[in-house]
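Chains as they are written, first to last, in the working numbering: chain A, 37 to 381; chain B, 37 to 381; chain C, 37 to 381.
One thing to keep in mind: the hints can contain errors.
Since copy identity is lost for identical chains, a pair holds within one copy or between any two.
With a Cα cut of at most 25 Å, we get these calculated DMTMM-like pairs of lysine to aspartate or glutamate [as the list claims (entries may be wrong)]: (1) K224 with E128; (2) K145 with D80; (3) K352 with E225; (4) K82 with E101; (5) K224 with D53; (6) K365 with E349; (7) K300 with E371; (8) K369 with E181; (9) K82 with E371; (10) K145 with E101; (11) K104 with E136; (12) K228 with D115; (13) K377 with D258; (14) K231 with E169; (15) K352 with E45.
Derived from the structure by calculation, the hints contain no laboratory data.
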Amino acid sequence: MQRRHSLQEIAHLIDADLKGDPNCLINGIMALQSAQSGQISFLDNKRYLKYLVSTQASAVILRAESLKHAPNNALVVVDPYLAFAKVAKLFERVPQISREIHMTVVIGKDCHIHPSVSIAPYVVIGANTHLGEGVVIGAACVIGENVVIGAQSRLASHVSVCADTRIGERVIIHNGSVIGSDGFGLAKENTKWVKIPQLGKVQIGHDVEIGANVSIDRGALDDTIIGDGVKLDNQIQVGHNVTIGENTAIAGCTGIAGSTHIGKNCMIGGGVCINGHIEIVDNVYITGMSSVVHSIRKPGIYSSTHSTQPHREWQKNSVRFRQLDQLAKRLRKTEVLVNSKSIDD
Amino acid sequence: MQRRHSLQEIAHLIDADLKGDPNCLINGIMALQSAQSGQISFLDNKRYLKYLVSTQASAVILRAESLKHAPNNALVVVDPYLAFAKVAKLFERVPQISREIHMTVVIGKDCHIHPSVSIAPYVVIGANTHLGEGVVIGAACVIGENVVIGAQSRLASHVSVCADTRIGERVIIHNGSVIGSDGFGLAKENTKWVKIPQLGKVQIGHDVEIGANVSIDRGALDDTIIGDGVKLDNQIQVGHNVTIGENTAIAGCTGIAGSTHIGKNCMIGGGVCINGHIEIVDNVYITGMSSVVHSIRKPGIYSSTHSTQPHREWQKNSVRFRQLDQLAKRLRKTEVLVNSKSIDD
Amino acid sequence: MQRRHSLQEIAHLIDADLKGDPNCLINGIMALQSAQSGQISFLDNKRYLKYLVSTQASAVILRAESLKHAPNNALVVVDPYLAFAKVAKLFERVPQISREIHMTVVIGKDCHIHPSVSIAPYVVIGANTHLGEGVVIGAACVIGENVVIGAQSRLASHVSVCADTRIGERVIIHNGSVIGSDGFGLAKENTKWVKIPQLGKVQIGHDVEIGANVSIDRGALDDTIIGDGVKLDNQIQVGHNVTIGENTAIAGCTGIAGSTHIGKNCMIGGGVCINGHIEIVDNVYITGMSSVVHSIRKPGIYSSTHSTQPHREWQKNSVRFRQLDQLAKRLRKTEVLVNSKSIDD
Chain A
37 MQRRHSLQEI
47 AHLIDADLKG
57 DPNCLINGIM
67 ALQSAQSGQI
77 SFLDNKRYLK
87 YLVSTQASAV
97 ILRAESLKHA
107 PNNALVVVDP
117 YLAFAKVAKL
127 FERVPQISRE
137 IHMTVVIGKD
147 CHIHPSVSIA
157 PYVVIGANTH
167 LGEGVVIGAA
177 CVIGENVVIG
187 AQSRLASHVS
197 VCADTRIGER
207 VIIHNGSVIG
217 SDGFGLAKEN
227 TKWVKIPQLG
237 KVQIGHDVEI
247 GANVSIDRGA
257 LDDTIIGDGV
267 KLDNQIQVGH
277 NVTIGENTAI
287 AGCTGIAGST
297 HIGKNCMIGG
307 GVCINGHIEI
317 VDNVYITGMS
327 SVVHSIRKPG
337 IYSSTHSTQP
347 HREWQKNSVR
357 FRQLDQLAKR
367 LRKTEVLVNS
377 KSIDD
Chain B
37 MQRRHSLQEI
47 AHLIDADLKG
57 DPNCLINGIM
67 ALQSAQSGQI
77 SFLDNKRYLK
87 YLVSTQASAV
97 ILRAESLKHA
107 PNNALVVVDP
117 YLAFAKVAKL
127 FERVPQISRE
137 IHMTVVIGKD
147 CHIHPSVSIA
157 PYVVIGANTH
167 LGEGVVIGAA
177 CVIGENVVIG
187 AQSRLASHVS
197 VCADTRIGER
207 VIIHNGSVIG
217 SDGFGLAKEN
227 TKWVKIPQLG
237 KVQIGHDVEI
247 GANVSIDRGA
257 LDDTIIGDGV
267 KLDNQIQVGH
277 NVTIGENTAI
287 AGCTGIAGST
297 HIGKNCMIGG
307 GVCINGHIEI
317 VDNVYITGMS
327 SVVHSIRKPG
337 IYSSTHSTQP
347 HREWQKNSVR
357 FRQLDQLAKR
367 LRKTEVLVNS
377 KSIDD
Chain C
37 MQRRHSLQEI
47 AHLIDADLKG
57 DPNCLINGIM
67 ALQSAQSGQI
77 SFLDNKRYLK
87 YLVSTQASAV
97 ILRAESLKHA
107 PNNALVVVDP
117 YLAFAKVAKL
127 FERVPQISRE
137 IHMTVVIGKD
147 CHIHPSVSIA
157 PYVVIGANTH
167 LGEGVVIGAA
177 CVIGENVVIG
187 AQSRLASHVS
197 VCADTRIGER
207 VIIHNGSVIG
217 SDGFGLAKEN
227 TKWVKIPQLG
237 KVQIGHDVEI
247 GANVSIDRGA
257 LDDTIIGDGV
267 KLDNQIQVGH
277 NVTIGENTAI
287 AGCTGIAGST
297 HIGKNCMIGG
307 GVCINGHIEI
317 VDNVYITGMS
327 SVVHSIRKPG
337 IYSSTHSTQP
347 HREWQKNSVR
357 FRQLDQLAKR
367 LRKTEVLVNS
377 KSIDD
């Protein structure tokens, strides 16, 4: 039962200028180099221009500047990537949701579960928890006491949501993520560590997406807060009392230490480490694998990533780096000598 | 049923010098900027001094040097952070433990489960495993064969404890962590990898805390050993045959490659990578996101972290870094020239 | 019921030149410094040569060059590490597999489960999934719809395998790993993020091993592909549409951003970050904690890792790094001055 959509229909959906046959029927979407006849594709990143000429796709979504290279029907738009997002949605296979609570689900007392909620097998839910309309809980999730999950939110399998967590509407949390575990709070008494009770909770706004195997710690006193529209990739660590502003997107493997505040509309690359107790303002872009030690107080692009070199070259330069302060002092001395001699002359 | 404690009582607990009303009743603890009347707060990190003057807290724990800024009752101590840890414990909401084994728990043969143990739903326990007095196992944990977990230890949900693991007393393991999976042991035979059986186990001492989504591999031959009082944050990777000395604390996202030995009382920042087969002595402090390639044989602070710069500045410097060996050679040549001319003069 | 093997038998297994008593019986394998009488050990890494002289092992596997230091029986081979892998296999405790499907397992309709399959308690399997001969599924795994898992593959506990995933034969997946969660695909519409449906799947070849708490995203359009014989350590993140060539091995905590292609027979260290949309050819070796920003088009060793220095030294050099472009320009100016003066002379 394949879905088909005419190019005219698709052009209308994405507000495109259609060059070609409006009645051409499209039954799927695929990358340029893999697309078959009957499928639509798109060109956004110039790296893939080489695949445009020979694509087998029946139509391609692209910018006006690439139209001359299109071998077949074309849909011209301003933002091909956004258009791709919308067209892909036409061909999404939406999993059938059972709208039932599996007989194996263990539910604590005084929970409020909306009748439309779907809960897969072997889920455990603590007392006094609220699940809103249309919530979907994947298999083997464990949800603590006093949790609130807003309407239309979906948890994949193996998600841990600890006690007191507040989750907004239309939130997606992928497999294996942990929301609300204790923050890393320790005080030293003589040589031993004393655990600081973590009394805060996690608050997650609306329309947030959280990847797989992410950890978000509960606050020590105040709460850890993830703003509306925030998008987190996989394997991210968010320390206690961190706040992340609206619509900020963070790529995989990034770690954010405790009590740091990140602004709105930031984009943070993968593998970035962000120090604790600092502030990053709105509209900051941090390139992948950078290390943010100090607060960033002005919007802009920030980096601290060395890219790989052939090992021998890297080694030579790296050894020199260890002498860099000495080299700078020697340069200063040489400058003084040369200049004094210039004056002498 | 709110708990209340008089300032006198609290001052006694933390051995503080009380400035103000000893009968003032405290019903909670909160950060300076969020505290309400009736709550106590604390000032440790100078960054937060700005919030002291206007705090609504009924009392603040602080050092003598900050006393002059306190707007209300004050408790003067030497270490406000440690005092905070102790006071927070007064207001901790201790979850009610059922002290029962849920009817869904699957337990292998020949296990020794102390009658005081609490096990949540859908836990699976292998044969010949011992759980000590007061142990609490969270929902959906899977514990292998021949495991020993000492008295008063607590596992959150979704923890995997693989066969043969030894866990001490008063250990806390947070959600989604994996203890005792196979180490990454491979030998090459022609072009293919041969798996090296991982015959060792994991030994965890007393009073250890392990964060969420941590992985600790079993040893290849000898055991992987986590010493008493070690504290691990979230998303940490500990390779096979690593040993970590007593009371060492490691922040999130740090990775430790196989067969490395880390001393006692070390503090290791977040996002640090530590090479395999090296040794780090006691009392070493490594700043966040550093890369430890070689053994560290003297106590002290070690770093290799560049902090972010505005991207254009970083790029310019980074390009020069790739020329650094050449730059150093050119400097040498110039020095020789200048000096020979000096001699000539 | 201890297994025992004569040295003769072991020498034959690993094609070794036996120096000593062929009838000596070996009952285990252990590291040089921990081995007891009756056990065999090995010397591969020169760092451990110091333990050879005093080892209590009854026999040691080593290279010819180390034979003169061997205190007891010796087995001389070309590759002691590979030989160790094979001998360790003799002493592996193979866990008893039940070859049954636990009564608590929930299986969707139209699944094909080979009669030899073993499934532990509280596993959930979606509709239309195929499990091949001898497959072993650990406790609390969740497997989606339309999944195929090839013969003799083994999943440890808490593994999530999302819908449509294809897994080859003899694949091992360790605890807590997530295969096939949505990729991080977002397009911006005004200030808000639009989710890009992730329509591809994950394909995993034969003889692949995947560590604990790994995340591998499904493709956006095309599939994410893990080639035959690939070995992934713990805590690795593989973005959508990544392809990894045959027999490539990747150490822990490494992250690979979307649409990147990695060749065959590569070795990638721990904590490496690899940018998206790039290509790494076959036979590339990347040292730990490097950052790969651009494509690597020639085989070889690549690095971008600074190793830790004492903090004060690092700080001095790091400050100079921020002046590096200025330093280079000053050097140029000085060279010009000196050379013009040389010409003048």
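Status of the hints after comparison with the structure:
| no. | hint | result |
| --- | --- | --- |
| 1 | K224 with E128 | between (53 Å within a copy, 19 Å between copies) |
| 2 | K145 with D80 | neither (52 Å within a copy, 41 Å between copies) |
| 3 | K352 with E225 | neither (45 Å within a copy, 33 Å between copies) |
| 4 | K82 with E101 | within (11 Å within a copy, 55 Å between copies) |
| 5 | K224 with D53 | between (66 Å within a copy, 20 Å between copies) |
| 6 | K365 with E349 | both (24 Å within a copy, 14 Å between copies) |
| 7 | K300 with E371 | neither (47 Å within a copy, 48 Å between copies) |
| 8 | K369 with E181 | neither (68 Å within a copy, 69 Å between copies) |
| 9 | K82 with E371 | neither (46 Å within a copy, 42 Å between copies) |
| 10 | K145 with E101 | neither (61 Å within a copy, 50 Å between copies) |
| 11 | K104 with E136 | neither (52 Å within a copy, 61 Å between copies) |
| 12 | K228 with D115 | between (57 Å within a copy, 14 Å between copies) |
| 13 | K377 with D258 | neither (64 Å within a copy, 67 Å between copies) |
| 14 | K231 with E169 | between (38 Å within a copy, 21 Å between copies) |
| 15 | K352 with E45 | neither (60 Å within a copy, 49 Å between copies) |
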